[in-house]
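Chains as they are written, first to last, in the numbering used here: chain A, 799 to 918; chain B, 15 to 121.
Take these hints with a grain of salt, some might be off.
To be verified - Derived BS3-like pairs (lysine-lysine); straight-line CA-CA distance at most 27 Å:
{"hint": "1", "chain 1": "A", "residue 1": "863", "chain 2": "A", "residue 2": "841"}
{"hint": "2", "chain 1": "A", "residue 1": "874", "chain 2": "B", "residue 2": "56"}
{"hint": "3", "chain 1": "B", "residue 1": "56", "chain 2": "A", "residue 2": "841"}
To be verified - Simulated coverage check for chain A against chain B, where a stretch passes if three residues somewhere in it have a Cβ under 8 Å from a Cβ of chain B:
{"hint": "4", "stretch": "844-853"}
{"hint": "5", "stretch": "909-916"}
Said to hold, decoys possible - Counterexamples of contact, computed for chain B against chain A with all Cβ distances above 10 Å:
{"hint": "6", "residue": "26"}
{"hint": "7", "residue": "27"}
{"hint": "8", "residue": "66"}
{"hint": "9", "residue": "86"}
{"hint": "10", "residue": "93"}
{"hint": "11", "residue": "121"}
Read the hints as simulated data drawn from the structure, not as lab findings. Note that the coordinates shown come from a computational prediction; the quantities given were computed from them, not determined experimentally. Where a beta carbon is used, it is the ideal one built from N, C-alpha and C, also for glycine.
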Amino acid sequence: QVQLVESGGGVVQPGRSLRLSCAASGFTFSSYGMYWVRQAPGKGLEWVAIMSYDGKHKNLLDSVKGRFSVSRDNSKNTLSLQMNSLREEDTGVYFCARGRGAAPRFLDYWGQGTLVIVSS
Amino acid sequence: DIQMTQSPSSVSASVGDRVTITCRASQDVNNWLAWYQRKPGKAPNLLIYEASNLQRGVPSRFSGSGSGTDFTLTISSLQPEDSAMYYCQQASDFPRITFGQGTRVEI
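Construct the complete structure from the given sequences, taking the supplied hints into account.
Quick look at the structure:
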């Protein structure tokens, strides 16, 4: 059974940092591209980051480039999102999700999310 | 970025009704379109991928159609457990995927 469990969310002041983690189980983690997607309060879903199955390729939303970084540890089945210089507009629920198939254009399993609140 | 626009923003229907949600892309996305369901406090759930393919385990009352810029999600016979938010997602501009703003389905 595929499971994705996010952790690391919380309340943080603008300009500070937070590191999110996603623990994966129930599938061969090293074979799948992985995503971070967020949802701000009252808003829709927004892609934040993607990392290829082997960690060699990654891409980030323009508004978080230079502030966020994505990484994975295939030996520990873990995906991470390091968030620096946080802004109030980064507030939201952050989901970890698995890319479907070899070309992971769609997200077939999601975690329940971890809440990040950036506020002074 | 490719913009995805869903309509209506919310729909209220009765059990057994046929419900249709539309999604329009700001440019041609071929059939690189998915639909997701999200219930409060739960993880989003992939329903349809590549515009019309039903994800494994999803009830057959859900179906998707369309290509290019106009797409439809249909629930053929609405059930109480279908009360949720529904989102479309384009994958033509992969990895810069984008989502619609969502449609609330109420029973």
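Comparing the hints with the structure gives:
Between the alpha carbons of residue 863 of chain A and residue 841 of chain A the distance comes to roughly 21 Å, so the proposed pair stays at or under 27 Å and holds. Among the hinted pairs, residue 874 of chain A with residue 56 of chain B is consistent with the structure: their alpha-carbon atoms are about 25 Å apart, no more than 27 Å. For a cut-off of 27 Å, the pair hint linking residue 56 of chain B to residue 841 of chain A stands: about 16 Å separates their Cα positions. Evaluation of the coverage hint for the stretch 844-853 of chain A: fulfilled, as 3 residues show C-beta separations to chain B shorter than 8 Å, against a requirement of three.
Chain B is given as covering the stretch 909-916 of chain A, and this holds because 3 residues of the stretch bring a CB closer than 8 Å to a CB of that chain, at least three being needed. Annotated as non-interface, residue 26 of chain B keeps its C-beta farther than 10 Å from every C-beta of chain A; the closest such distance is 19 Å. Every Cβ of chain A is farther than 10 Å from the Cβ of residue 27 of chain B; the closest lies at roughly 22 Å, confirming the non-interface assignment. The non-interface label for residue 66 of chain B is consistent with chain A: the shortest C-beta to C-beta separation is roughly 13 Å, beyond 10 Å.
At roughly 17 Å, the least C-beta separation between residue 86 of chain B and chain A is larger than 10 Å, which holds for a residue marked as non-interface. The Cβ of residue 93 of chain B sits about 22 Å from the closest Cβ of chain A, beyond the 10 Å cut-off, so the non-interface label holds. Listed as outside the interface, residue 121 of chain B is consistent with that label: its C-beta sits roughly 22 Å from the nearest C-beta of chain A, beyond the 10 Å cut-off.
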